[in-house]
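Visitor: So the chains spell out like this:
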Amino acid sequence: MSRRARERRLGPAGLMGAGVVAGFVLLAVAGPALAPYRVTELAGDPLEGPSLHHLFGTNSVGQDLTSQLLAGARASLVIALLAGGGTLLLGALVGAVAGWRGGATDSAVMRVVDVVLVLPPIPLMVVLGASIDPGLVGLSAIIVLVSWPVYARLVRAAVLPLRRRADIRAAVGFGASTGQVLRTHVLPDVGLVLIAGLISAVERAIAIEAGLAFLGLVNPTRASWGSIMRDALDFRGLFLTDSWRWWLLPPVAAVALLLVGLALVGTSVERRLDPRLARHQPVGVDG
Amino acid sequence: MTRATGLRSVVAAVAFALVAGACSTSTEPPSAPAQGDGRVERVRVAARPGSYPTPIGARRQGQLQSTLLFDTLVWKDSTGDVIPWLASSWARSPDGTEITFTIRDGVRWHDGMPLTVDDVVFSYQYLMKPPGQAAAGILGAVFVGNLQEVVAVAPDQVVFRMKRPWAPFLPQIAGIVRIIPKHIWETVTDPIAFTGPQATIGSGPYKLESYDLATFSAALVANNDYFLGPPHVRRIEFVPAADQLLALQQGDIDAADAGTEDQLPENALAPFLQDPRFGSVGGPPEWNRALHFNLTKGFPFDDKRFRQAVAYAIDRDDMVKRILFGQGVVGSSGGLSPASPWIAPDLPPYAHDGAKADALLDQIGLKDADDDGVRDLPDGRPFVPELQTSAQFSPKTAELISEYLRQVGLSVTIRTLEAAAADDSAFAGTYEMTLLGYGALGGDPDLLLRVRHTPAAINLPQKSKGYDNPEVVALGEQQLFTADDSSRLATVQQLQRIVAEDLPSLSLYLPEPQLIFVKDVFDGWYLTPGGFGTVLSGALNKHALVTGKKVGF
Amino acid sequence: MGPLPTPSRRARRLLAHYGLTVAAVVVLVFALPRAMPGDPLAFLRADNPESVDPAVLHDLQAYYGLDRPLVGQLGHFLARLGHGDLGISIGRRVPVRDLLQAHLPWTLLLIGASLALSSVLSYLLGCAAGWRRGRPLDRLVVMASSAVRPIPTYALASLLLLGGAVTGRLLPLGGARTPFAHYASPFAEIADVARHLVLPVTALASALVASQVLLVRNTMVSTLGQDYMVLARAKGLPLRLLQHRHAGRNALLPFVTSVGLQAGFLVGGAVFVETVFSYPGMGTLVLRAVASRDYPVLEATFLALALVVLTLNLFVDLLYGRLDPRARTG
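So the sequences go chain by chain: D, P and F. Residue 117 in numbering that gives the first Met the number 0 sits at position 118 of the first sequence, and the numbers go up by one each step. Residue 344 in numbering that gives the first Met the number 0 sits at position 345 of the second sequence, and the numbers go up by one each step. Residue 223 in numbering that gives the first Met the number 0 sits at position 224 of the third sequence, and the numbers go up by one each step.
Some clues are possibly wrong.
Counterexamples of contact, computed for chain F against chain P with all Cβ distances above 12 Å [claimed, not checked]:
1) His57
2) Leu73
3) His75
4) Leu103
5) Ala175
6) Asn249
7) Arg292
8) Leu309
Lysine to any residue pairs mimicking SDA-like chemistry, simulated, CA-CA at most 25 Å apart [said to hold, decoys possible]:
9) Lys320/P x Trp243/D
10) Lys320/P x Arg37/D
11) Lys320/P x Leu237/D
12) Lys128/P x Gly64/F
13) Lys206/P x Thr177/F
14) Lys128/P x Leu56/F
15) Lys320/P x Tyr36/D
16) Lys206/P x Ala180/F
17) Lys320/P x Pro35/D
18) Lys206/P x Phe179/F
19) Lys206/P x Ala101/F
20) Lys181/P x Asp58/F
21) Lys128/P x Leu40/F
22) Lys128/P x Ala61/F
23) Lys162/P x Asp52/F
24) Lys128/P x Tyr62/F
25) Lys518/P x Phe179/F
26) Lys320/P x Arg244/D
27) Lys320/P x Arg221/D
28) Lys128/P x Asp52/F
29) Lys518/P x Thr177/F
30) Lys206/P x Asp97/F
31) Lys320/P x Gly61/D
32) Lys162/P x Ala54/F
33) Lys206/P x Phe193/P
34) Lys518/P x Ala180/F
35) Lys206/P x Pro94/F
It should be emphasised that the hints constitute simulated quantities derived from the structure, not laboratory data. Beta carbons are placed, not taken as given, at the ideal position from N, Cα and C, and that holds for glycine.
Next up, chain D with everything else stripped away, as it sits in the complex:
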């Protein structure tokens, strides 16, 4: 790694990604203040094109799409925190315990991981989604339930070699508490893996939420980008009128842009972790 690259911790692409993500976070936080209407308010006529009153037009029942897009940013942020964070937390805990304990614990945990990984995630979420009231919290729980094994594997792989490291063995041998060992020896090594994992988990969660909404499996009355897409695609005249331009494209673009931004940040973090390391989580495919 060159000195310059080391200095600029994220690199230009990473910085750009961070900018995009920060922009979306800002929109999500400031959304309620910026939104010109309530999300469900019948603010205009059905299918009004973009205008000063409705920057992104209105949908088929006359709700303001600008307000819905802003609310969607917020929904994505909540999902990112709840589902993305939860996924990594559960995955990291399980992976760390398995990797650290080793032996029977490890094989038992990894067997569970294998079983969950074998069940196709989307159909699995379809089933789980039908079982509960698909609000944001429930939805996050489902995403966590389905996604954690990937990250358990990741963290286990990072923790496993640590067990054999001389300094850690020595520290344990000298009677250091587990917390101390974790803080002083393990975390610095695994920390970057966790950050990279978190970004990837957040990406995944956002993609999955929008994807489930796309399949019509989340609460459609809670505005999210996915549910705006679903509304649009449910409208039979979408391609027979030009409403797809202001109704379908913006949420698709928003999801894509946010995910590309996150991916840029993630790639940069992983480059720091290991310059040769490639990101090969198939984020695009799972949602």
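Got chain D; can you put chains P and F on it based on the hints?
Guide: Same frame as chain D, now just chains P and F:
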């Protein structure tokens, strides 16, 4: 590297196929030469999900297709009136308890065997006892309990003897029970698993040529030995089409109709309605989206003034504009289609009136106690009624209602459930208010006015939960067990007046059905008022396909 | 960790591992559908509301074994499965085996074509980019894949559909073949199927290519820095041989592993693609079965999809053994 060779050949094959595919255009079936007899060579419609088209308990598209493969004693034409079909005529005894059908001569099954009165008797008896009873679920217990016997009284006559006259016998029983070949079905002990080619041998105007389980596509070919002569339309193809109008525009299908709530704005329809190649035909609106109150949930849902206030608060004209783009009508407070021949003329319209809603809500004690702009319960606790909707079908309707109710100070929580879970909840009655969609509002009123409002009758999602008005129950029985059509009309109208006042549910809006078709292919389409084969609606009435006419043969 | 396993021990361990996983999956596919709210016989009241007699319902429940306690149902399910009997679809009244036969081949074709296409493309592109590290081709590959990879499959598929709809009839927008077509030759039929595959495969394969091309490229880059490669170059071995025989082979190992890891995601992505292009594969079957709570179909489809993933994993495990000398010789 042998592995690489194998891989390379796979790649080569895929690449070849892709290139070859891009150049190939010769996959359209060759168009048949024009026939001199004026018959229609082929009609293509969109394939829809459904079961295999057996005569016993088929579903949705399968149920529709089975009406083309099998026949019933009577049928309907474009007027919606019952017409003779396998039965050339029928007669009722003076007290209405006996109906005698005269079966046509010379009718044959697809396998060449003659259709006899024994087949007719067998078909009905098969549905009344196991194993046919469970598999079909066509004849309800109330009907079977009322039926004394069905017997052949002459080589061409069958008589149904009942304890009491059964008013909707012709459309609801004789019009839906498919006559099946006794020589095939008498040995069938497991009708559910009986789905081979033998299962689709009927006497109907069409035979099943092919059926694809993966796409629901199917081809039906004309039965040229049909008792009404060779069918006008020779071949019906059910073609997979993700979007019907797109498929119609691209020439993949010859007729397209809207789904239940899939209306289009005028500028989207214009390309079809202005194009001389396309014709269109409408029909009476018979499917509705309704708001149901659960009266078992106590105050205020069990107070009719609350339900009336909600009705006044909801701007149903605005819903027709926003949900249906103006192509629909506001529901009747009696629950039937406004176009139904059974409609009562003088029902309260519950036109949008915020002041009336406010007054009624004030009257029952739902007032804003803490001045937060939201009405509270009489004891001061906040009132947050829950409105349930299926996530797939009516979320926008729910949002509209919550907006209207907001105007009169009611703060509604919307609870969305996945479709099957919502259906389950509606069936079990675990909601306060729910949105439901159902049809058959233009057909016989027995289901809508008796079954739905009689607590002891079978449970259904669209049942009025907790509604128990003895007068309604009595009138419901009265209109069912009668043979006198004019007194039945009076009873049915009286029922609607009571229901409109009590308002256990509110019919919100009914979309106006419209069929758009390619004129050159077939222009004899019509939408049957009241539907055919009970809940079936749409354009594939076999009377049109067989005769090419609106009425007559 | 003990000594590295010998081939037969490895095989036995693999077998035990897959056996256990299959057993767990079988129990799960039975339990999952029944955990959902809803009633597989609910269609009766929608289709024929006048006839929902409790007696009829009870008979039907008994027919499908739904009136037994769960343990009894599980036993019945396992016994049925043991005989290779997948039951009868409650909603569609046809044997589930026939439904699988109608749907599974299309998903296998879709996944197989996507996997083959993406593997070849990403391997070749990745090798080429890694070999020319820092040059325009490399930069282009890295940039393009970073941009495409995070875009969700359904978004890409919707955009492709939109593009297809706007450009007219160049490519079919839905289905797996032209309905009721009469083909002049088997080639015409293959061509027709291939034409229908173009858009779905593009949607499904793009994300795969984007994620794998970087992996291959990066492995290539790191391999090229290894001593033996430097030595081989110094020996003056032909460039092409070097690129594929030595460097490429090294890149193959992590590549194959990642293909295995993606199997589950591939099946999930196929659900979206099938939905968008109304492709008659397993995804459409699953979604419909969920909507109608068709237990026998749900059990069978989940089992089939899990087996597809497992088979791909097993295939990778075996291939891994052949590719990695350490796993082979022990």
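Visitor: A separate judgement is required for each hint: does it hold in the structure or not?
Guide: Hint-by-hint comparison with the structure:
no., hint, result
1, His57, "violated (8 Å)"
2, Leu73, "holds (22 Å)"
3, His75, "holds (16 Å)"
4, Leu103, "violated (9 Å)"
5, Ala175, "violated (8 Å)"
6, Asn249, "holds (15 Å)"
7, Arg292, "violated (5 Å)"
8, Leu309, "holds (22 Å)"
9, Lys320/P x Trp243/D, "holds (20 Å)"
10, Lys320/P x Arg37/D, "holds (20 Å)"
11, Lys320/P x Leu237/D, "holds (17 Å)"
12, Lys128/P x Gly64/F, "holds (20 Å)"
13, Lys206/P x Thr177/F, "holds (22 Å)"
14, Lys128/P x Leu56/F, "holds (14 Å)"
15, Lys320/P x Tyr36/D, "holds (21 Å)"
16, Lys206/P x Ala180/F, "holds (19 Å)"
17, Lys320/P x Pro35/D, "holds (23 Å)"
18, Lys206/P x Phe179/F, "holds (16 Å)"
19, Lys206/P x Ala101/F, "holds (22 Å)"
20, Lys181/P x Asp58/F, "holds (23 Å)"
21, Lys128/P x Leu40/F, "holds (19 Å)"
22, Lys128/P x Ala61/F, "holds (15 Å)"
23, Lys162/P x Asp52/F, "holds (20 Å)"
24, Lys128/P x Tyr62/F, "holds (15 Å)"
25, Lys518/P x Phe179/F, "holds (22 Å)"
26, Lys320/P x Arg244/D, "holds (22 Å)"
27, Lys320/P x Arg221/D, "holds (23 Å)"
28, Lys128/P x Asp52/F, "holds (13 Å)"
29, Lys518/P x Thr177/F, "holds (23 Å)"
30, Lys206/P x Asp97/F, "holds (21 Å)"
31, Lys320/P x Gly61/D, "holds (10 Å)"
32, Lys162/P x Ala54/F, "holds (21 Å)"
33, Lys206/P x Phe193/P, "holds (17 Å)"
34, Lys518/P x Ala180/F, "holds (23 Å)"
35, Lys206/P x Pro94/F, "holds (22 Å)"
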